[in-house]
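Throw the hints in and build the complete structure from the sequences for me.
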Amino acid sequence: MNPFSYTRPEAVADALNDIGQQPNAKFIGGGTNLIDLMKVNVEHPTHLVDVNHLPLGDITELPDGGLRLGASVTNADTAWHPLVEERYPLLSKTILAGASPQLRNMATNGGNLFQRTRCYYFYDAQMSCNKRQPGSGCPAINGYNRIHAIVGMDKAECQNPNSKTACIATHPSDMCVALAALEAVVRVTGPNGDRSIPMADFHRLPDTDPQRDNTLEPGELVTSIDLPAKGFPKHFTYVKLRDRSSYAFALVSVAVGLEMDDNGTITEARIAMGGVAHKPWRKSEAEQLLIGKPATDETFRAAAESLLDGAVGFGHNTFKIELGKRAIVRALQEAIS
Amino acid sequence: MIGQPISRVDGPAKVTGKAKFAAEFNVPNLTYGVVVTSAIAKGRIVGIDDREALAQPGVRMVMTHKNRPKLARLDLNYKDQDAPAGSPFRPLQDDKIFYSTQPIALVVADTFEMARYAATLVKVAYHEEAHETDLQANLSEAHNPAAGPVNLFKPLPPKPRGNAQQAYMEADKRVSGEFVHQAEHHNPMEMFATTAVYEAPKRGEKPRLTIYDKTQGAPNSQLVVANGLNLPFKNVRVISPFIGGAFGSGLRPQYQLLLASMAALELKQSVRVSLTRDQMFTMGFRPATVQKIALGAQADGTLSSVYHQAIAETSHREDYTETVVNWSGELYKCDNVALDYQLVSLDVYSPQDMRAPGGVTGVSVLEVAMDEMAYEVGMDPLEFRIKNFTSWDQTHDRPYSSKEILACYREGAERFGWARRTPEPRSMRDGNVLVGWGMASGVWMADQIPARAEAVLGVNGKLRVSSATADIGTGTYTIMTQIAAETLGLPIDDVLFRLGDTDMPLAPIQGGSWTAATVGNAVRVVCEDLGKKLLKLAAQMPDSPFKKAKSTDVQFVDSHMRLVGDPSVAISLRDIVALNGGKAVRETSTSIPNMLKQSRYTRYTHSAIFAEVRVDPDLNVVTVSRLVGAVAAGRIINPKTARSQIIGGMVWGLSKALHEESVRDNNVGRFMNHNYAEYHIPVCKDTPDMDVIFVEEHDDVVNPMGIKGLGEIGQVGTPAAIANAIFHATGKRVHDLPITLDKLL
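Those protein sequence lines, which keep their order, are chains W and E. First residue of the first sequence? That's 1 in our numbering, and the numbers climb one at a time after it. First residue of the second sequence? That's 1 in our numbering, and the numbers climb one at a time after it.
In short, the hints are calculated from the structure, not lab data. Mixed in with the good hints, there may be bad ones.
To be verified - Looking from chain W toward chain E, a few residues come up when the C-beta cut is under 7 Å (computed): (1) M1; (2) S5; (3) Y144; (4) F319.
Keep in mind that this is a model prediction, so the values were computed, not measured. Every residue gets a Cβ at the ideal spot worked out from N, C-alpha and C, and that includes glycine.
Below you can see the structure in the form of structure tokens.
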């Protein structure tokens, strides 16, 4: 871990000023991932701007019936907030499926968006990694890739053993999978003013620059995550499959929100997956296959085939293709019951 | 006192933070060392650029193979009590890289934080050579292991008996299979650390080191430091009062011990080196194995042929061996047995004993094959085992000193409800969920070896007993206190047991499940000898009623010595000490096993484990919902700590069955899941209700107190019991551990 300086501003403007002073400064929320990465010599910020004392620590109702989750509210306080439990039980359930109580007590909503991949090679500073050290190669593709992606990567690059851009890392967050299903909006402020980024556009696929996890511009700060009014409180679930029953990242996970009419026909559907791609994985075609259909296993399997259409495995993770489809079917079965 | 469920005597110190571990002993002017490890798996270091590291404020030294202090050259100087045949690794020996993550430099600074940062600035250039770390790809390179002194306790396979091959061909029923087990790392909660306190030499003498080390035997650490660094033994004192788990990883001194000691000598200053969690994967581990087994049986369920072969990995430096296959020729009656054990040398660190080394590896395979054979012959798996029970060890042609495994089967099955099991796979369900019941036998050694102890009765009537053993969390402090208290008739609170210091009488490393028997008998003997001294003192009183009493004529009860014939004739221990001219009464004794008597018997601990699993039929998520362990382990000193030992073993067995695996990337020759997030062990939610039964077993051969150790036996049978339960639930046999959900898809 390198030496670094630290400030704890109380106004957003001061935070933006602090971050702009040094080229290698970073915001720190709960620090549950950043500090680990500094300890293992992967992240080297020279300055940390603590955002926990900014006025971003509230959960408030929005005029359109939605809910604003302050960036520095902890994951635990969000999951147990009465309005979140009542209107967005999918989000509560998903947050509580992640990490451990201790980590959720520290981790913030803003920080959760910036969790970095758990790829073994990314985490080991002595190994090559196109994400950590652009252009150095990806040993995961022909190495140990149990927790790696099956969709969303550049397949041609991944077949090139000397590729300088290939990356099969996954985004590790549980919370972000629910946020994707709920079509949350990330509000940011920065040197060029405020903007809103739909969840679908916040994280990105590796493309030719896998070192970039998201579309945030330098110096920008997340201020809140806004949830639209529609929360799917009646028909929802989060299915998380992992190598032990707690404190493990998802091999595959599925967040589902459904609306159904009185005849049991699906009128609206959201399906987002974790553990399979560089970002929470959604496809509107897959969701459309459910609309107006009876809630049967055949319908569910068709949606699953569609969502994971074109998935490829790299050996250790090939099982995720079939397991992922079964998890989707299970999640849809749970959501309708 | 013996047999009572006394709470841990060291518990309050541990939960209040008063118990100090190796990295917690602070001394003035302490400096901090951080280890730099190799990025490649094989080759040579061609250059180390330490300029930027040395330029940091407070950095004292970057110690490498070029500037380290002089080390002894002979392998003999690095042979610890658990060293296998070969050349032990020593850090910074020369420029050669033997394995990925090998320690290659130590950066020492005034603060830990600066040392850690400076360590990231050391640039190393390598000449890389091709490496081999893949056991399965190199099975053709297997060789017969070289034997060493440690094989006295870890025997290699015996000669074949009968004709296993012919009997297999002639058998009515046959099963065979190949099993692959992955490597595992011990990963105790406390990471390895050494605080080496430097004391400048007096004129004409050598410096002294007081070393606080994480070790399963302080004398073992002293041995390697004194020999390796050419210091007189009296100049090296090793202290290790508490250990935050070890599971065998502390049976050999780890490299931070020599690094800290070398740096302290070089800097003439005290140095602490503590390893990181990642670096806990840079040392010994349970070796991966590829095993083949073939069983033959008659139609009536009589076992007629056993063939069991294990090929394990080792390093190029040492032939690390463990007893993997021998159990298959001993546990059941069988006249035709062939066993084979070989090693493949790879570019890895030497493997090392890890809880139930070899036993859990080999028995997991035997007991799955036994389950398969039970189905072949159409018998209940438990009945099949009972049918092939033997009280005669055919390998050594001698009886067992005790083997109450039939009681384990009976009492375990009753507690579990085994009689309600329907044999057909996939026949038991709870709603949609598949339920499976499986069982397995377990076996482990019950050794006793020589040890020394000291007992001191103070003028306040309180007893201090000490021995240079260790307590890795097993309860040694507690049961030794109980044994001493019982022997001299004192309340627990009047007895203080101390351990983990080379100034104390010698005891062996704490491993092999032998400490309770070994040190327990030493404590018993020294307390009895002290009792004789007390009698002598009491007899010297004027008009003493004990004048003619022999040691068998007195008993020690309620802090008094009493005549057996007339317990009202008594003197308090405090009053006896007062007769010693105001000085404490001391005794040091050695307990030596009765080898002649012991050699006529095979001395083992046995168990039966019963497991219930629940399996999601679509997603293959496996949950272990119940475990019952019935154990035959002689005399139980403390049912509370004993139960904890067995539960801990069963949890680890569950871990081996379902979770645990150090995953190697053979392209880079490195274990890749080197942290607690990705190296999975069970969390509380994965561990079921566990029931432990200790069956009645009396054994006066194993040692005078009839104690058999409990450290490993809980683990041995558990993985097979779970694997068999998974078969019963799903109809699928998975031979490779751990059984992760993808293997059931």
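Hint check results:
1. M1: holds, 6 Å
2. S5: violated, 14 Å
3. Y144: At 5 Å from the nearest chain E Cβ, W:Y144 passes the 7 Å test, so the hint holds.
4. F319: holds, 4 Å
Hint compliance for this structure: hint 2 is the single one not met.
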